[in-house]
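K.L.:
If you want the building blocks of each chain, they are given just below.
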Amino acid sequence: MTGRTGRRGKVAAVAAAVAVAAGLAGCGGSSAGSDSSSTIDLVAFSVVKSAYDSLGEGFAATLAGHGVTLKGSYGASGAQSRAVVAGQKADVVALSLTPDVDDIVEAGKIDPSWNSGPDRGIVSSSVVVLAVRKGNPKHLQGWADLVEPGIGIVTPDPGTSGGAKWNVLAAYAQALGPARDEAAAQAYLQSFVRNVVSWNDSARAATDAFLKGTGDVLISYENEAIAARAAGVELDYVVPSSTFLVQNPAAVLTDAGPAARDFLAYVRSDAGQKVFGSKGFRPIDGSPGTVTGVEGANDPAKPFPAVATLSTVDDLGGWPVVDDEFFDKENGLVAKLRNEG
Amino acid sequence: MRQVLRTIAVAYVLGLVALPVLTVLRSTFADGVGPVLDVLTSPDFVGALRLSLTVAGLAVVVDTVFGVGMAVVLVRHRFPGRRLLDAVIDLPVSISPIVVGISLILVYGTDGWFGPGLEAAGLQVIFATPGMVIATVVVSLPLVVREVMPTLEEAGTEQDQAAQSLGAGPVARFRRITLPTIKWALAYGVVLSLARSLGEFGAVRVVSGSVAGESQTLTLFVNDNYQEFGPDAERAAFSAAFVLMTIAVLFIALIALLRPKETT
Amino acid sequence: MAGLGLGVGVLWLSLVVLLPMAAVVVSGFEDGAGTFRANVTTAEALSTIRLTVGASLLVTVVNAVAGTLIAWVLVRDRFPGQRLIEVIIDVPFALPTIVAGLVLISLYGPDGPFGVNLVGTRTGVVLAMLFVTLPFVVRSVQPVLMAMERDVEEAAASLGASGVTTFRRIVLPTIAPAVLAGAALAFARALGEFGSIILISANLIGKTEVASAYMLKLVESDDPVAAAGVATLLLVVAVVVLVLLDVLQRVAARRGSTTPRPAGGAQ
Numbered sequence: 001m002t003g004r005t006g007r008r009g010k011v012a013a014v015a016a017a018v019a020v021a022a023g024l025a026g027c028g029g030s031s032a033g034s035d036s037s038s039t040i041d042l043v044a045f046s047v048v049k050s051a052y053d054s055l056g057e058g059f060a061a062t063l064a065g066h067g068v069t070l071k072g073s074y075g076a077s078g079a080q081s082r083a084v085v086a087g088q089k090a091d092v093v094a095l096s097l098t099p100d101v102d103d104i105v106e107a108g109k110i111d112p113s114w115n116s117g118p119d120r121g122i123v124s125s126s127v128v129v130l131a132v133r134k135g136n137p138k139h140l141q142g143w144a145d146l147v148e149p150g151i152g153i154v155t156p157d158p159g160t161s162g163g164a165k166w167n168v169l170a171a172y173a174q175a176l177g178p179a180r181d182e183a184a185a186q187a188y189l190q191s192f193v194r195n196v197v198s199w200n201d202s203a204r205a206a207t208d209a210f211l212k213g214t215g216d217v218l219i220s221y222e223n224e225a226i227a228a229r230a231a232g233v234e235l236d237y238v239v240p241s242s243t244f245l246v247q248n249p250a251a252v253l254t255d256a257g258p259a260a261r262d263f264l265a266y267v268r269s270d271a272g273q274k275v276f277g278s279k280g281f282r283p284i285d286g287s288p289g290t291v292t293g294v295e296g297a298n299d300p301a302k303p304f305p306a307v308a309t310l311s312t313v314d315d316l317g318g319w320p321v322v323d324d325e326f327f328d329k330e331n332g333l334v335a336k337l338r339n340e341g
Numbered sequence: 001m002r003q004v005l006r007t008i009a010v011a012y013v014l015g016l017v018a019l020p021v022l023t024v025l026r027s028t029f030a031d032g033v034g035p036v037l038d039v040l041t042s043p044d045f046v047g048a049l050r051l052s053l054t055v056a057g058l059a060v061v062v063d064t065v066f067g068v069g070m071a072v073v074l075v076r077h078r079f080p081g082r083r084l085l086d087a088v089i090d091l092p093v094s095i096s097p098i099v100v101g102i103s104l105i106l107v108y109g110t111d112g113w114f115g116p117g118l119e120a121a122g123l124q125v126i127f128a129t130p131g132m133v134i135a136t137v138v139v140s141l142p143l144v145v146r147e148v149m150p151t152l153e154e155a156g157t158e159q160d161q162a163a164q165s166l167g168a169g170p171v172a173r174f175r176r177i178t179l180p181t182i183k184w185a186l187a188y189g190v191v192l193s194l195a196r197s198l199g200e201f202g203a204v205r206v207v208s209g210s211v212a213g214e215s216q217t218l219t220l221f222v223n224d225n226y227q228e229f230g231p232d233a234e235r236a237a238f239s240a241a242f243v244l245m246t247i248a249v250l251f252i253a254l255i256a257l258l259r260p261k262e263t264t
Numbered sequence: 001m002a003g004l005g006l007g008v009g010v011l012w013l014s015l016v017v018l019l020p021m022a023a024v025v026v027s028g029f030e031d032g033a034g035t036f037r038a039n040v041t042t043a044e045a046l047s048t049i050r051l052t053v054g055a056s057l058l059v060t061v062v063n064a065v066a067g068t069l070i071a072w073v074l075v076r077d078r079f080p081g082q083r084l085i086e087v088i089i090d091v092p093f094a095l096p097t098i099v100a101g102l103v104l105i106s107l108y109g110p111d112g113p114f115g116v117n118l119v120g121t122r123t124g125v126v127l128a129m130l131f132v133t134l135p136f137v138v139r140s141v142q143p144v145l146m147a148m149e150r151d152v153e154e155a156a157a158s159l160g161a162s163g164v165t166t167f168r169r170i171v172l173p174t175i176a177p178a179v180l181a182g183a184a185l186a187f188a189r190a191l192g193e194f195g196s197i198i199l200i201s202a203n204l205i206g207k208t209e210v211a212s213a214y215m216l217k218l219v220e221s222d223d224p225v226a227a228a229g230v231a232t233l234l235l236v237v238a239v240v241v242l243v244l245l246d247v248l249q250r251v252a253a254r255r256g257s258t259t260p261r262p263a264g265g266a267q
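First to last, the protein sequences are chains A, B and C.
Position one of the first sequence corresponds to residue 1 (this note's numbering), numbered consecutively onward.
Position one of the second sequence corresponds to residue 1 (this note's numbering), numbered consecutively onward.
Position one of the third sequence corresponds to residue 1 (this note's numbering), numbered consecutively onward.
A couple of the hints might just be wrong.
[Unchecked claim] Below, in silico cross-link-like pairs of lysine-lysine (DSBU-like), each with a Cα-Cα straight-line distance of 35 Å or less:
(1) A:Lys138 / A:Lys302
(2) A:Lys329 / C:Lys207
(3) C:Lys207 / A:Lys138
(4) C:Lys207 / A:Lys212
(5) C:Lys207 / A:Lys134
(6) A:Lys336 / C:Lys207
(7) A:Lys336 / A:Lys212
(8) A:Lys109 / A:Lys302
(9) A:Lys134 / A:Lys274
(10) A:Lys109 / A:Lys329
Hint data in this document are derived by calculation from the structure and do not stem from the laboratory.
As the structure is a prediction and not an experimental result, all values here were calculated from the model.
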């Protein structure tokens, strides 16, 4: 060592380097900052970043959206809903299922008339599919194959994730069948739960775990499987003949600015729905529609196969009933089945 | 025998630490430097960097003021509960950062002990910057104190007492006697504290909403981008990780230079 | 002046550490002792606690041995590249945990260069803990070894004692307190570790879900009472182990020749 002066010199040099780097970052960033009046804070569920990034860009290209930046937070739907209730700043919420928005209404932050329109507040739809490894090595063609011994199911946890709830309802409803056999449905769900190897905290976390080698089948949204494939991920997916209609709501918070309302209007518009279509979301009623050219779909020319039996939440009694019966933390069906297994 | 020990030790360190770090470098620059620079100049990244520097900077200032003050009080004074205070200061190091975040939510969240009061005053702590700063302060709390205390102890109080008897006030004594004595230990502690604060993830993850460009620190940026599909997001995660790694290595160099009396 | 400084310091400490920690313990019992017990004995809770405590203990022991060995080599040996090894050892200290997680998954994940995939395995979890706790014992033992006077060792050697015996009877008692102090820091760190484990573990329930991840999930599932309960239980475990190590340290210090102060700077 060259003594105190030499050491001080070295320290000063390193400190200066760090300061310069920080300064550069500061300078580079000053032009990127925007004032809050032209920012929309979006709080959304975990799988829709790609879609809403595009929607934000599309909106910014319109007259109403000129100069507006969309800033998004993406995470498990239930967790996001609770964060907004607890005070996380938001102008627009786009969540996986209606109850997660209703919780925010109950907290007084969204107007109760948010879903009084013809679409009942829904902005995007999909169906529940079975995602498998490339080439489907275990030949999983439908729900019955999933409960075979030794099959590892990857699905998120209903405590935090919205996608998790859709998956459970899909598994239950298809076993219910036209005869509405509740005993059979419950038995199926029991076997299903027993085969679950990981209850990840969000739909995206479940996808990630599956892609990293966990389990044999991932239960997820059709749009998630399509988005993954469009990004180059090696994945195949099966649209079962009996599955569930997923409908995602969006709403504006009461103290949000006009830009937020304009954005939601854009999302509902034909232009916005077209963006959703290109990202693998079905038309709002779940039908195949006329969308074509969807990258990542099994058949990009006809991306949304018609589903023979498409169950909905209304078939099971509507969300308030379903949320309680299935997902109550103590007495819900899922909690009971998980504790037994 | 010496050779065997040496080989085992070196192999363990290289295999456990160096190898993974080199692998990340490989992944980050797989497509060259250009794409990485694109990430580093993107608004989300710059926003995350600024937020990290702001939060860490504030936390370090608070930790330093607290650290020096506490060190002086603990070393130079005797009072009931001194040992307990000493132990409590060390507490954050033994707690999981997740628990730190949870503990803050339980007190400052909307359903927390101070929740109603904060809401009435219009103050948002959790899911806002104050919460992130407090969380970062807590996890790096002991670092400055622990570095400054031994030096203060060693230095003793003679100079200070002599100055006092000559009529120097406490501020002047602090500025001209105490501060120069602890200068290098303090610098070491500040660097440790800054490194820890910039790198905080778990506690901030619990208390932040992670809005890209707004409440997303650099560590949250890495995590959130890792969760997205596609090569762009992956590159974003690795590029940010690379920046953090470079900053960490710079800190290690600083720490090595400043480490009191222990360089070989 | 000192009184004012002390008052402000204690107030700050209370606001950010004492009160929140008290809130954790109290909230765990908010719905009664019965609910507390139910929360910490669910299958998932028990499995995470078992995994976390077990892995932390294992990692502490391994890195105590490895750390002592590495400290010995660094102090008593001279070889080219030694400075580099010193720097590398500090990397886990300074690296943000999520970056450590990314680092580990790029080597041990499905896209790793050696075709090894430890994602979703307990081995992956243990490796992550080993990574972040490496420096503690090394940095704790090094100063003690450096300060040691070699004359007793040399005397023993000249009297015919083998290297192993010399180590066991002379060096070990001296460095034992430092090893234990470093081990305590390592254990506490491993117990609470989150960022470096979360990626490689894939959070598989019953297999690789660690306590910190479980507590996060509980908080996000709107069950802060359960999260606080598990946190309290972990705190008890940590206190028990740390007190044990502290007792062992005092015993060793009384037996050994010096009671060194371990190097600071733990995360």
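K.L.:
For every hint, state whether the structure bears it out.
P.N.:
Hint-by-hint comparison with the structure:
1. A:Lys138 / A:Lys302: At roughly 26 Å apart (the allowed maximum being 35 Å), A:Lys302 and A:Lys138 satisfy the hint.
2. A:Lys329 / C:Lys207: Distance of about 22 Å is within 35 Å: holds.
3. C:Lys207 / A:Lys138: holds, 23 Å
4. C:Lys207 / A:Lys212: holds, 15 Å
5. C:Lys207 / A:Lys134: Judged against 35 Å, a Cα distance of about 25 Å means the pair holds.
6. A:Lys336 / C:Lys207: holds, 21 Å
7. A:Lys336 / A:Lys212: holds, 30 Å
8. A:Lys109 / A:Lys302: With a Cα-Cα distance of about 40 Å, the restraint between A:Lys109 and A:Lys302 is violated, given a limit of 35 Å.
9. A:Lys134 / A:Lys274: holds, 28 Å
10. A:Lys109 / A:Lys329: Answer holds: A:Lys109 to A:Lys329 is near 24 Å, not above 35 Å.
Going through the hint list in order, the structure does not satisfy hint 8, though it satisfies all others.
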